[in-house]
Every structure is written in structure tokens, then in C-alpha cells.
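Residue numbers (full-length UniProt numbering), protein chains in the order written: chain A, 1 to 251; chain B, 1 to 426.
Hints were generated in silico from the structure; no laboratory data involved. Here the structure is a predicted model, which means the values were calculated and not measured. Don't take every hint at face value.
What the hints assert, rightly or not - EDC-like cross-link-like pairs, simulated, lysine to aspartate or glutamate; straight-line CA separation at most 20 Å:
1) A:LYS141 to B:ASP228
2) A:LYS141 to B:GLU406
3) A:LYS141 to B:ASP213
4) A:LYS141 to B:GLU108
5) B:LYS162 to B:ASP409
6) A:LYS153 to B:GLU406
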Amino acid sequence: MLNIKNLQVKLEEEDKQILKGVDLTVEAGKVHAIMGPNGSGKSTLSYVLSGRDGYEVTGGSATLDGVDLLALEPEERAAAGLFLAFQYPVEIPGVGNMTFLRTAVNAQRKARGEDEMSAAEFLKVVRAKAKELQIDAEMLKRPVNVGFSGGEKKRNEILQMAMLEPKMCILDETDSGLDVDAMKLVAEGVNRLRSEGRGFLVITHYQRLLDHIKPDVVHIMADGRIIKTGGPELALEVENNGYADILNEVA
Amino acid sequence: MALPQRKQSATEARLAGLVLPAGGWSEPPRREALDRLAAMGLPDRRDEYWRFTRPDTLVQPEAPSARLMADDEAPLFGQTERLRIVFVDGVFDAAASDDLALEGVSIERLAETAGKDIHWARDLYGVLEARGQTPVQRPFAALNTAFASDGVLIHVTGRPSKPINLVYVHESETSDVILHHVVKVDAGGEATILENGPAAARFNKCMEVDIADTGKLHLVRAQGRDHDRRAATHVFARLGAESVFKSFTLSVNGVLTRNEVVVELTGDDAIAHVAGACVGDGDFHHDDTVFVTHDAVGCESRQVFKKVLRNGAVGVFQGKILVKPGAQKTDGYQISQSLLLDEDSQFLAKPELEIYADDVACSHGSTSGAIDETALFYLRSRGVPHTEATNLLTLAFLAEAVAEIEDADLAADIVARLEGWLARRS
Chain A
1 MLNIKNLQVK LEEEDKQILK GVDLTVEAGK VHAIMGPNGS GKSTLSYVLS GRDGYEVTGG
61 SATLDGVDLL ALEPEERAAA GLFLAFQYPV EIPGVGNMTF LRTAVNAQRK ARGEDEMSAA
121 EFLKVVRAKA KELQIDAEML KRPVNVGFSG GEKKRNEILQ MAMLEPKMCI LDETDSGLDV
181 DAMKLVAEGV NRLRSEGRGF LVITHYQRLL DHIKPDVVHI MADGRIIKTG GPELALEVEN
241 NGYADILNEV A
Chain B
1 MALPQRKQSA TEARLAGLVL PAGGWSEPPR REALDRLAAM GLPDRRDEYW RFTRPDTLVQ
61 PEAPSARLMA DDEAPLFGQT ERLRIVFVDG VFDAAASDDL ALEGVSIERL AETAGKDIHW
121 ARDLYGVLEA RGQTPVQRPF AALNTAFASD GVLIHVTGRP SKPINLVYVH ESETSDVILH
181 HVVKVDAGGE ATILENGPAA ARFNKCMEVD IADTGKLHLV RAQGRDHDRR AATHVFARLG
241 AESVFKSFTL SVNGVLTRNE VVVELTGDDA IAHVAGACVG DGDFHHDDTV FVTHDAVGCE
301 SRQVFKKVLR NGAVGVFQGK ILVKPGAQKT DGYQISQSLL LDEDSQFLAK PELEIYADDV
361 ACSHGSTSGA IDETALFYLR SRGVPHTEAT NLLTLAFLAE AVAEIEDADL AADIVARLEG
421 WLARRS
């Protein structure tokens with residue numbers, strides 16, 4: 001589904017190479033996790049895939065079901081089925097959460113040549129999905145993420161994911177800033193979305209999120225490359241021994 | 001002090017083509033206004049109060065011509081039941097207007113009452129305008145009082161069941177119109193006045209508002225889309241104890257607009273909110289000049305102005321809060337912000353606070369900024385196309401000003417106009 005080949009990326013503004021040849025394939029129906037120390041390039045990978053400004057691709061490719069992601073605008077990538085759950089969801093004063101969700105859902109439908117969702121239908125769907133994530137009506141009315149707690153922001157990300165029904169979901173440190181209960185709630189939301197046709201790439205520092213979202217494959221990233229790939233046991237190894245052993249082993 | 005020769009000549013040239021309506025109750029205040037004007041002269045570029053806005057096209061004898069715009073939008077406030085009073089290039093259009101009878105309010109036209117020797121408006125006409133001439137001169141308002149050809153005199157005695165809508169139609173490319181309205185709200189009275197339309201090629205409008213203790217007035221206006229129109233407007237409002245005055249102005253297009261609002265809080269615990277949203281593209285100059293005087297205890301005032309500017313459009317804000325000695329417990333707030341959609345547009349702001357009481361809370365802020373790139377990317381990453389995302393963020397920027405409109409239907413009407421403006425440019 002998601003095919004990344006020898007992806008090389010530098011910062012646009014300075015001469016600093018962040019990704020030095022990333023190879024990664026996420027199959028439909030699978031959950032891949034990427035772990036790695038700070039500064040290894042995990043978040044950069046998520047931003048480059050979703051089309052954020054400030055990065056320059058200097059080599060390699062990234063495709064989603066054969067579509068060249070790197071040639072598309074961010075909104076086109078979203079319509080193609082890519083979704084990034086932000087590490088720091090953005091507050092947008094003045095834009096109601098509902099308006100935002102409906103605009104996004106209908107924009108994607110329009111881009112794919114599908115009919116827009118009626119207001120009534122949308123309301124019904126969003127209420128049901130919000131309830132599962134314990135997002136109340138008040139939160140839906142408020143401006144996007146404004147005044148939301150850390151946990152509310154992350155649940156709101158998962159609500160957007162549930163409404164947009166992407167093919168490929170990237171979760172960038174979705175566990176950061178969450179207490180145990182909030183993490184469970186978010187993980188349950190993600191697990192409900194697991195399906196045969198959908199791939200996940202879960203970026204995290206810690207093993208604990210992976211207790212709740214069980215990965216099929218775990219990658220370790222360091223210094224802009226994936227240095228080791230294995231099963232769920234690899235995450236446990238990191239939890240117990242830190243990254244040092246793996247880094248030494250590769251070096 | 002004698003006027004500089006240049007100023008005197010310009011003023012005389014402007015007055016040469018004007019005739020002061022003689023007779024009846026309004027002649028004395030008109031003559032007094034003319035005397036005021038003669039003493040101060042019309043403004044020129046050297047006046048500090050006109051530093052950011054060139055007054056020459058407002059001063060010159062003939063109005064610069066303004067092309068007419070075919071109105072392809074549904075009538076503004078069309079969903080609201082209202083009493084319509086229509087002026088076409090400043091001339092009252094009886095056929096297009098509704099019956100002026102409405103319970104809880106008496107409505108008369110200035111031109112019709114001119115023959116009377118006594119009228120309630122005599123106590124206000126030119127009186128609030130004259131008070132508003134200090135500490136800053138407002139020559140176009142004095143010109144207006146002296147030469148206004150018509151206007152409405154609204155006396156709110158109760159709570160009329162529907163808003164009064166002044167509709168200003170622009171049909172002549174060279175019309176030069178002066179209208180003067182007087183609004184008096186009795187104790188316990190409450191009314192809403194709506195104003196919309198470009199009015200004229202050049203429009204000089206003055207509204208004097210006197211609100212007695214516990215009275216309330218809501219004013220919502222939209223200045224019309226004609227690109228070449230020019231307008232200099234004044235609102236002079238005087239508020240009694242526990243009274244409320246809330247005004248919102250939408251300005252979409254217009255080559256030159258200067259909206260002055262002068263508010264005097266004279267009774268304790270009164271509330272005045274003055275807000276505006278403007279959107280301009282290209283040859284557009286929009287100036288909000290506001291002066292709020294706190295002269296009583298426990299009053300609240302808010303100024304909320306938002307401007308969206310692109311392709312070299314210019315926005316100006318001159319806003320002042322004056323807290324007089326003894327006006328304790330004043331709560332004053334002022335915010336003026338611009339969203340500059342490109343590098344060519346400009347926002348010039350002069351926020352001022354002058355405080356002579358020691359137990360007050362006054363805050364003010366002024367910012368200029370571009371679209372928030374992080375928010376834009378967030379929206380786009382959810383599939384919202386660039387233009388739509390920009391429009392959404394633009395409306396969000398204006399939302400704080402629009403929120404000053406209490407009535408949800410009227411606010412929705414204003415938002416629809418803003419969406420229309422954005423959609424035409426997408």
C-alpha cells in the first residue's frame with residue numbers, strides 16, 4: 001500500500017540532511033510501528049509524506065497504491081487516502097469543529113467525484129463516532145482544538161480519522177502528553193479502525209502505546225535511516241534495554 | 001484664528017455649490033453648523049486626524065463619478081421582517097418604502113418636517129455633532145448638519161416589533177448625497193436599525209443617537225459593493241445610565257470609506273460596543289476612526305475592528321478611549337487587526353488610551369498578520385483545498401467582529417456577504 005524507497009530529505013532552509021535513504025513498505029491491513037531516539041527523523045518522515053512545507057526531497061520515492069505522493073498537494077494526498085494524526089494538533093480559533101469536519105469530509109468526497117454528505121447524514125455519523133471517543137456535543141461545537149486538553153486534542157484527531165476513513169493512517173507520537181486512560185481511549189479508537197484495507201504507521205518513542213495498538217512490524221529508525229526491522233518483540237527490547245544496544249549492534 | 005488661505009479656498013469652493021435649506025426648526029442649528037465649519041475649514045492632508053486618509057476627493061466640489069454595480073445578490077436582511085425606508089441617490093422613494101407607522105416608534109423624514117417651527121429633534125440635531133467636535137474636529141459632520149437634504153428622525157418610545165431598515169440605492173454615477181438622521185431612544189425603549197447600500201457616488205452621512213437611561217439601540221450596517229463609491233460617515237452616540245449601544249459595520253469594496261464613530265458614555269453602567277469588518281481588494285481605502293469617552297462610573301466599551309486586505313488595499317484604524325476624571329470602574333477594550341493576504345497591502349493603526357481615573361481596566365491591541373501557515377497546512381492535510389482553507393481562515397479571522405452582532409440571523413446575513421466576496425475571488 002505505502003511504498004517508500006530510498007527516501008532522502010533535507011531541510012529547505014539549511015543544508016541539513018534529515019532522511020538519508022528510508023525504505024519502508026506498509027501492506028494493507030497491517031500496523032507498522034516506527035521507534036527511534038529523538039532527532040532520528042521520525043516526525044520528518046510523517047511531515048514529508050503529508051506534504052508540509054520546509055522540506056526538500058533530494059532522492060527516492062513514496063507512493064500510495066501506486067500514486068506518487070510527492071507530486072501531490074497536501075489536500076490531494078488526503079483525498080488519495082493519506083491521513084496524518086498530528087503530534088501537536090493545531091488550534092484554529094473562529095472555525096467550529098463541526099464546520100471543519102464537514103468541510104474536510106465533503107472536500108475529499110468532491111475531490112474523489114463522490115456525492116457530498118447531507119447535513120443530516122453527517123450529523124448522525126459524527127455523533128455516533130464522537131460518542132465512541134467520548135467526545136461530547138460541546139466539544140464538537142467549540143473552535144477546532146481551542147481550549148482542548150491534550151487528551152481531547154488527540155481524541156479529536158482520531159475522530160477526524162474515523163470521519164475521513166483514510167486508506168493509510170500515520171500517527172505521529174499520538175501517545176505524547178496522554179495519561180494511561182486517555183491513551184487507552186485513543187488506542188481503542190484506532191483499533192476500531194483497523195481493517196483489511198487500511199494500513200497504519202505508528203510513530204512512537206515508547207513501547208506502552210504498542211501494548212494497546214498491537215503492531216505487526218516494528219522498525220527502528222536512527223540518523224535518518226531504518227536500521228532494524230522485526231516483530232513486536234523488537235519494541236519490548238527497546239523498552240528494556242533502550243536504543244543503545246541496537247545502535248551499537250548496527251554500528 | 002484665521003484659516004490658512006489654501007484651506008479657506010478649498011472650503012469655499014466646496015460650499016459654493018451647496019444651498020442651506022432655509023426655514024423651520026432646523027435652520028438655526030444648520031446655520032450654527034455652518035459657522036462651525038467656516039471656523040475649522042474642511043480637512044486637508046496636513047491635518048493630523050487625516051494623516052492616513054487623503055480627504056481631497058471628499059473635499060472637492062464635484063463628486064468623482066462612480067460606476068454602478070449590478071446587484072446580483074439577494075437583498076441583504078431579506079430574511080428579516082423589517083420596515084424599509086428607501087433612498088435612491090439620497091432621494092426618498094415612497095413607492096419602494098414601507099408605511100412609516102410602527103408601534104413603539106415614530107418615524108418622520110427630515111425634509112418633511114422642515115416647515116415646522118417646533119420639533120423634538122431640535123434638541124439633538126447638530127447638538128451631539130457639535131459636542132463631538134471637541135477635542136477633535138470633524139468638519140464633514142458639520143458640513144452634513146448644515147446642508148443635509150434629508151434623513152430620518154426616529155423616536156423610539158417602546159419596543160418596535162421589527163427593525164427599521166434604511167436602504168441606500170445608488171443609481172446615478174455622479175450623485176453627491178448628504179443625509180442626516182436623528183435617533184432618540186426613550187427610557188426602556190429598544191430598537192434595531194439596519195442600513196445597507198452604497199447610497200451614492202459620494203455619500204456624507206451623519207447619525208446622531210441619544211439613548212436615555214436603560215434604552216437600547218442596535219445598529220447593523222453594510223456599505224454596499226460598488227467599487228468606486230466614496231463615503232464619509234459619522235455616528236455620534238450619547239448614552240444614559242444602564243443604556244446599551246451596539247453597532248456593527250460591514251464594508252465590502254469601496255474606493256474610499258471613512259467611518260467615524262463618536263461615543264459619549266454619560267450615565268453610569270452604560271455599555272457601548274462598536275465593531276466593524278471590512279474586506280478590500282485592490283483600489284480600496286478604509287478608515288475606521290473611533291472616539292469613546294467614558295464620563296460616568298462603571299461603563300463598558302468595546303471596539304473590535306477586523307480588516308482583510310489584498311492587492312494593495314489599505315486599512316486604517318484610529319481608535320481612542322478617553323477616561324475622564326471620576327469615570328471609575330471603567331472597562332475599556334479595543335482591538336484592531338488586519339489580515340494581509342499579500343505583501344502589497346497596508347494596515348495603519350493608531351490606538352490611543354487617555355486615562356484620568358485610577359480604578360479602571362483598559363486594554364488595547366493591534367496586529368497585522370498573514371494567514372497562519374500551520375493552520376493552513378492542518379486544514380489542507382485534511383483534504384480542504386488551498387483556496388477553501390484560506391477562505392475558512394479568513395472568515396475565522398473576521399468572526400470576532402461579526403460576533404458583536406447579537407441577532408443570529410443578521411449575523412448569518414453578514415457572514416453570507418463575506419462568503420460571497422471570498423467566493424468571487426476564489
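For each hint, the structure was consulted:
no.: 1; hint: A:LYS141 to B:ASP228; in the structure: violated, 40 Å
no.: 2; hint: A:LYS141 to B:GLU406; in the structure: holds, 18 Å
no.: 3; hint: A:LYS141 to B:ASP213; in the structure: violated, 37 Å
no.: 4; hint: A:LYS141 to B:GLU108; in the structure: violated, 44 Å
no.: 5; hint: B:LYS162 to B:ASP409; in the structure: holds, 13 Å
no.: 6; hint: A:LYS153 to B:GLU406; in the structure: violated, 30 Å
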